[in-house]
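Q: Each chain, written out:
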Amino acid sequence: MNNETTIKSAWKLSDEKKYWLIFKNSLQQGFVYRFNFLASFMSEGLALLVLCYLWFSIYRQGGQIGNYFLGGLVVYYIISRFIALILGTQDIGRVTATSIIQGEFSNYLVKPLSFFKRTLFYNLGMVTYNSLFYIAAFVFFLLFQPSKIDPISILLFAVSIAIAYLINFLIYYSIGVSVFFLGYVSGLNYITFGISAFFSGRIVPLDLLPQWLLTISNYLPFRFMVFVPTAIITGKMSLTDSLINISEGVLWLAILYLASVIIYKKGVKAYESYGG
Amino acid sequence: MNHMADKIKRLFRIWQLNLKNRLMERMVFKFNFALMTVGVFLQMLLSLAFIKIIFAFISNIAGWTYEQALVVVASYMLIEGLLWGTCAYLAGISEHVRTGTLDNLLVKPIDAQFMVSVWRGDPEDWARVVTAFAVFFIALNGLNLTPAALLINTFFYFWLIANAYLIVYSLTLFVRCASFWTTDDSSLWRIMDNITRMSQYPTDIFFHKTVRFFFSAVIPLAFMATIPAKILIHGPDWRLILASTLVAAIFFVGSRKFWHFALKNYSSASS
Numbered sequence: 070m071n072n073e074t075t076i077k078s079a080w081k082l083s084d085e086k087k088y089w090l091i092f093k094n095s096l097q098q099g100f101v102y103r104f105n106f107l108a109s110f111m112s113e114g115l116a117l118l119v120l121c122y123l124w125f126s127i128y129r130q131g132g133q134i135g136n137y138f139l140g141g142l143v144v145y146y147i148i149s150r151f152i153a154l155i156l157g158t159q160d161i162g163r164v165t166a167t168s169i170i171q172g173e174f175s176n177y178l179v180k181p182l183s184f185f186k187r188t189l190f191y192n193l194g195m196v197t198y199n200s201l202f203y204i205a206a207f208v209f210f211l212l213f214q215p216s217k218i219d220p221i222s223i224l225l226f227a228v229s230i231a232i233a234y235l236i237n238f239l240i241y242y243s244i245g246v247s248v249f250f251l252g253y254v255s256g257l258n259y260i261t262f263g264i265s266a267f268f269s270g271r272i273v274p275l276d277l278l279p280q281w282l283l284t285i286s287n288y289l290p291f292r293f294m295v296f297v298p299t300a301i302i303t304g305k306m307s308l309t310d311s312l313i314n315i316s317e318g319v320l321w322l323a324i325l326y327l328a329s330v331i332i333y334k335k336g337v338k339a340y341e342s343y344g345g
Numbered sequence: 005m006n007h008m009a010d011k012i013k014r015l016f017r018i019w020q021l022n023l024k025n026r027l028m029e030r031m032v033f034k035f036n037f038a039l040m041t042v043g044v045f046l047q048m049l050l051s052l053a054f055i056k057i058i059f060a061f062i063s064n065i066a067g068w069t070y071e072q073a074l075v076v077v078a079s080y081m082l083i084e085g086l087l088w089g090t091c092a093y094l095a096g097i098s099e100h101v102r103t104g105t106l107d108n109l110l111v112k113p114i115d116a117q118f119m120v121s122v123w124r125g126d127p128e129d130w131a132r133v134v135t136a137f138a139v140f141f142i143a144l145n146g147l148n149l150t151p152a153a154l155l156i157n158t159f160f161y162f163w164l165i166a167n168a169y170l171i172v173y174s175l176t177l178f179v180r181c182a183s184f185w186t187t188d189d190s191s192l193w194r195i196m197d198n199i200t201r202m203s204q205y206p207t208d209i210f211f212h213k214t215v216r217f218f219f220s221a222v223i224p225l226a227f228m229a230t231i232p233a234k235i236l237i238h239g240p241d242w243r244l245i246l247a248s249t250l251v252a253a254i255f256f257v258g259s260r261k262f263w264h265f266a267l268k269n270y271s272s273a274s275s
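Chains as they are written, first to last, in our numbering: chain A, 70 to 345; chain B, 5 to 275.
None of these hints come from the bench; they were simulated from the model. Note that the Cβ used here is the ideal one computed from N, Cα and C, for glycine as well. The reader is advised that the hints may include incorrect statements.
Said to hold, decoys possible - Restricting the straight-line Cα-Cα distance to at most 20 Å, the calculated cross-link-like pairs of lysine to any residue (SDA-like) are:
#	chain 1	residue 1	chain 2	residue 2
1	A	K186	A	G157
2	B	K56	A	S222
3	B	K56	A	G131
4	B	K34	A	F250
5	B	K56	A	C121
6	B	K56	A	I285
7	B	K56	A	I264
8	B	K56	A	L277
As the list claims (entries may be wrong) - One side only, chain B facing chain A, incomplete, derived with CB under 8 Å:
#	residue
9	N22
10	L23
11	L144
12	I199
Bound conformation, chain A alone (with noise of 0.2 Å):
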């Protein structure tokens, strides 16, 4: 192997181990403060809870919401806050606004370091801490399914929360960003939270909806969050449903890529900092 060969490879290991580093720290971090952790759990275990009564109650005087039987809709609302749990909240659109309003962005422009690579594997970590419980909470919930589900329907709940995680990144990430522009995102924040909270499904599943919102939902990004890759778990999409779904998912990946990193060129040349 020549000097030029050894000086690139080096070089690349170099930048593979920058982000893996960031990755490792934000999952430390994770285990410093497990009570937040503990607490999450326990604040949407409540919220779980009091859900389940309320589908018992109606359920126990004769009534069914939709095609749904008792259980079907107590293990979506299950399923769906797993997925919420694990894709973590809008936190992700606050801290790298306030990054860059505070001028730590500036940090990035001098420093060989992705923003958005930092950014993402930061994320990564704490996201990885809290599916370490959740994932064997969820496959333990799994193998007491009375259904068996097959080993196909698994791999596309795999690639689906992968997807569910990346679009949940884009957009908050994207809306981060805005702040170059914008000055203060809060409220962008605030309102996409509100509108992804309710066309992912985690408030109500999408085949629940009326048809006209169900139509708008399908013009979103954001069922491809919770309600898609639920509805491939239960078994509730076919595998040709599945894979088409999936597909859409990648592609509003791309878009949403593409979005944020348009926003973040034109907002870097627009960035004015101050200080050293």
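With chain A fixed as given, assemble chain B onto it according to the hints.
A: Just chain B now, with coordinates in the frame of chain A:
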């Protein structure tokens, strides 16, 4: 008596000034303020959409009809709106403890709990109050109360809403005081936030007595929205009115004592 009246006037003026400052601060970024207000309104609409969608399939939830369930939702929105609008769920406590700037408020010749309470109120959240009243009037229209019943029930309803405000305020104070020990109360706050959200469902859905007792006595979820709604719909029940007032008083006094206890654990970040 005059001295008390002057004191109350002074406190009210300080609260007004803080609200005004906060509004001016928000209006620096007018577009963002408009978006926040729209976002708050949207959140309220989504709560209503959830109820509307469920009632498309059923006629009642644990005996509560659509209009009656709307009263519960309106009560929850009203409490949320008032707490965010007047004191931003006491977010000021966590911010001051984290940044070590609580000293500025502690040295002022005024009650520290009052100062941290009014230090921040989010003006965009008054949209919740407006939405709550709109939903309240829509629901009221469907309850078909006689004029006399409407007057009497509404009076007691707002009495219980005031109690509910005190209860949620006190619970929030308990949670926020945790920041004196942990500096980061975001996790506990998440629990509190979810508890408040749960109050938008009638607590009659808890058909197990133990659970219902837990959400009435331990976490007084029932007193937040369900019981005020029951009073409005069915008329005054002295046991519930007394219980609500007693719970509010106990929680408020308890939270104030806890606040003073927590304050002893505060150490400033600077001199």
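Q: Against chain A, with CB atoms and a cut of 8 Å, does the hint on L144/B hold up?
A: Where the cut-off is 8 Å and the nearest Cβ of chain A is about 24 Å from L144/B, the hint is violated.
Q: Going straight from one Cα to the other, do K56/B and I264/A come out at no more than 20 Å?
A: holds (17 Å)
Q: Would the hint linking K56/B and I285/A be met if the CA-CA limit is 20 Å?
A: Status holds; Cα separation ~18 Å.
Q: Mind checking the alpha carbons of K56/B and L277/A for me, to see if they're no more than 20 Å apart?
A: Holds: K56/B and L277/A sit about 11 Å apart, inside 20 Å.
Q: Between the alpha carbons of K56/B and G131/A, is the straight-line distance 20 Å or under?
A: Holds, at roughly 19 Å.
Q: So if I understand the rule, the pair passes when the alpha-carbon distance is 20 Å or less; does K56/B with S222/A pass?
A: Roughly 33 Å separates the two Cα atoms, so the pair is violated.
Q: Taken at face value, is the distance from the CA of G157/A to the CA of K186/A at most 20 Å?
A: holds (18 Å)
Q: Less than 8 Å between beta-carbons is the criterion; does L23/B satisfy it with respect to chain A?
A: violated (19 Å)
Q: Verify the interface restraint on I199/B: the C-beta must sit less than 8 Å from at least one C-beta of chain A.
A: holds (7 Å)
Q: Straight-line Cα separation of K34/B and F250/A no greater than 20 Å?
A: Cα-Cα ~14 Å, so holds.
Q: Given N22/B was flagged as interface, is its beta-carbon under 8 Å from a beta-carbon of chain A?
A: Violated: closest Cβ of chain A sits about 20 Å from N22/B, beyond 8 Å.
Q: Assess, step by step, whether the Cα of K56/B is no farther than 20 Å from the Cα of C121/A, and give holds or violated.
A: Satisfied, since the Cα-Cα distance of roughly 18 Å is no more than 20 Å.
Going through the hint list in order, the structure does not satisfy hints 2, 9, 10, 11.
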